[in-house]
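Protein sequence lines correspond, in order, to chains A and B.
As numbered in my numbering, the first sequence has no gaps in its residue numbers, which increase by one up to the final residue, 258.
As numbered in my numbering, the second sequence has no gaps in its residue numbers, which increase by one up to the final residue, 272.
Because the hints were derived from the structure by calculation, they are not lab data.
Watch out, some of these pointers could steer you wrong.
Under the rule of at most 20 Å between Cα atoms (straight-line distance), these lysine to aspartate or glutamate pairs were calculated in the EDC-like manner [unchecked claim]:
hint, chain 1, residue 1, chain 2, residue 2
1, A, K29, B, E79
2, A, K29, A, D134
3, B, K13, B, E74
4, B, K25, B, D220
5, A, K76, A, D190
6, B, K25, B, E57
7, B, K86, B, D99
8, B, K86, A, D134
9, A, K29, B, D220
From the derived model, a few chain B residues whose C-beta atoms are all more than 10 Å from chain A [claimed, not checked]:
hint, residue
10, S12
11, G88
12, A95
13, H113
14, D192
15, D213
Using C-beta positions, here's what the derived DEER-type ranges look like [what the hints assert, rightly or not]:
hint, chain 1, residue 1, chain 2, residue 2, range
16, A, S(-7), B, R77, 23 to 33 Å
17, A, M31, B, T98, 20 to 30 Å
18, B, S61, A, I(-11), 24 to 34 Å
19, B, R59, A, Y193, 17 to 27 Å
20, B, P117, A, P221, 17 to 27 Å
Here the structure is a predicted model, which means the values were calculated and not measured.
Ideal Cβ positions, reconstructed from N, Cα and C, are used throughout, including at glycine.
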Amino acid sequence: MIGMISLAKRIKTIIESIGHRVVDSIWRLGCATRFVLLVLLKSMPGFLRFHLITREIYFAGVLSLIIILVSGLFVGMVLGLQGYETLQKFGSESAVGTLVALSLVRELGPVIAALLFASRAGSAMTAEIGLMKATEQLAAMGMMAVDPIARIVAPRFWGGVFSMPLLAAMFSVMGVFGGYLVTVVFIGVDEGSFWSQMQSSVDFRYDIVNGVIKSCFFGVVITAIAVFEGFDAPPTAEGVSGATTRTVVTSSLAILGLDFVLTAFMFRGVS
Amino acid sequence: MADDALIEFSKVNFSYGPRPILKGVDMRMSRGQVIAIMGGSGSGKTTLLRLIGGEVRPSAGSVTVAGQVVHELGRNELFRLRRKMGMLFQFGALFTDLSVFDNVAFQMREHTNLPESMIRDLVLMKLHAVGLRGACHLMPAQLSGGMARRVALARSIALDPMLMMFDEPFTGLDPISLSVIGGLIRRLTDTLGMTSILVTHDVQESLRIVDYIYFLADGVIAAHGTPDEVRESKVPFVHQFIHGETDGPVPFHYQAQAYSQDLDIGVMER
């Protein structure tokens, strides 16, 4: 009997803790949504002083270029190699250009660039805003009658949103170049058929524009998560480190989940 | 104290969640004075500054600054009031991505349309007032603790505020820097005609520079008076605080159950 009661108590505790977690998550999601709306409402000063956004495009975008370009090159090279390996079995190695380009512009470009962007720029944004909070810089700004959301958060948000599609495009371009390097230059696939098949199979609106739309969505989601986590971080070393980790984990999962949803809407077996 | 009060606390209550911090605090702070607020750690001293700045709202009572009840102000009115205030945070809170010059120029660029040449002159004047004109090109990471606080002081007086608040301005400073900061607070208050409120633990330096002192203990004003009155005070808390005695109204031990109970001595005997 006593064993039954203690078992019932344990089950009750587990259910309660699950309930608390669910309620906390929903509450936090609500806070994040409200915060993002606040950021959007307070974005005008940043646009009026565009140099604030330009500065953030430099930090989030330009400084992420190296990792994006190098990763793009290697991903393209691997795609070329793997694609050639499989396609040559069917005598279709000339289609390797199409395979590389479509894989990159539709999926790998936006997704991998977004994952890299979340790790490189998203985490940096969270850490910077979190540390500014921990060292009372945001409070000091508020006491100087300067709104930290308008002055610090909004320019970073828009800097990230503008950078992401550009980085994804550069990732895809480098990937195509990597594929070209491996298949045409090293393996010896015919250069004319590599480019012409790619050109005839890749549709600008259906493939490229959809890829760009995806990367725009990813940009909004990553930077929204990054700035919220930074602003919401407990003002301690542990708090900032936890927030940085959460930015990378949450935005990576959000990118992959959102990618599926967007793909389902964009590419439903048409053409 | 004179009647022309710049700040008035009227029966102010404040609590963080269920924990009461301030219980019916009444204070009047006159224009042109340097006023110190002293008390043990966690006694709610910094909360008083946050109430004046409108960062938090009292749960009862009111805080009036220059005739305006702070918690009744809308966001824009509050920001307008804050432009007339300056605050020096405990460790300066300088913007680490901006140089010393840009830190001091920050408010001028945000709130005024002054030409850059005039901002340059004003910044150099403010930095000269704190003795750091030569450090204008340095970054905050290159400054010592005392220098960082002097730059932060120059930044807070950038728009000539009517009220300056100092949150633990002497913490972690060597005796020379401490003296420099203390002297600057007094001199700038007098020359700029502002009012300064100092939250501090440093008894000796405070008694040297302030006009009036409030002691906060257990969320209430335990004592107040001029430095001379405080030195002669027979109030047990003030006496313990001024002389740094380890035991007194503020006990050495944090509240706990009986020592023997914690060590299970009774259980062992049984």
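Here is how each hint holds up against the structure:
no., hint, in the structure
1, A:K29 x B:E79, "17 Å, holds"
2, A:K29 x A:D134, "9 Å, holds"
3, B:K13 x B:E74, "16 Å, holds"
4, B:K25 x B:D220, "8 Å, holds"
5, A:K76 x A:D190, "26 Å, violated"
6, B:K25 x B:E57, "18 Å, holds"
7, B:K86 x B:D99, "25 Å, violated"
8, B:K86 x A:D134, "16 Å, holds"
9, A:K29 x B:D220, "40 Å, violated"
10, S12, "23 Å, holds"
11, G88, "8 Å, violated"
12, A95, "4 Å, violated"
13, H113, "7 Å, violated"
14, D192, "23 Å, holds"
15, D213, "24 Å, holds"
16, A:S(-7) x B:R77: 23 to 33 Å, "53 Å, violated"
17, A:M31 x B:T98: 20 to 30 Å, "26 Å, holds"
18, B:S61 x A:I(-11): 24 to 34 Å, "46 Å, violated"
19, B:R59 x A:Y193: 17 to 27 Å, "55 Å, violated"
20, B:P117 x A:P221: 17 to 27 Å, "42 Å, violated"
Checked against the numbered hints given earlier, this structure breaks hints 5, 7, 9, 11, 12, 13, 16, 18, 19, 20; the rest are met.
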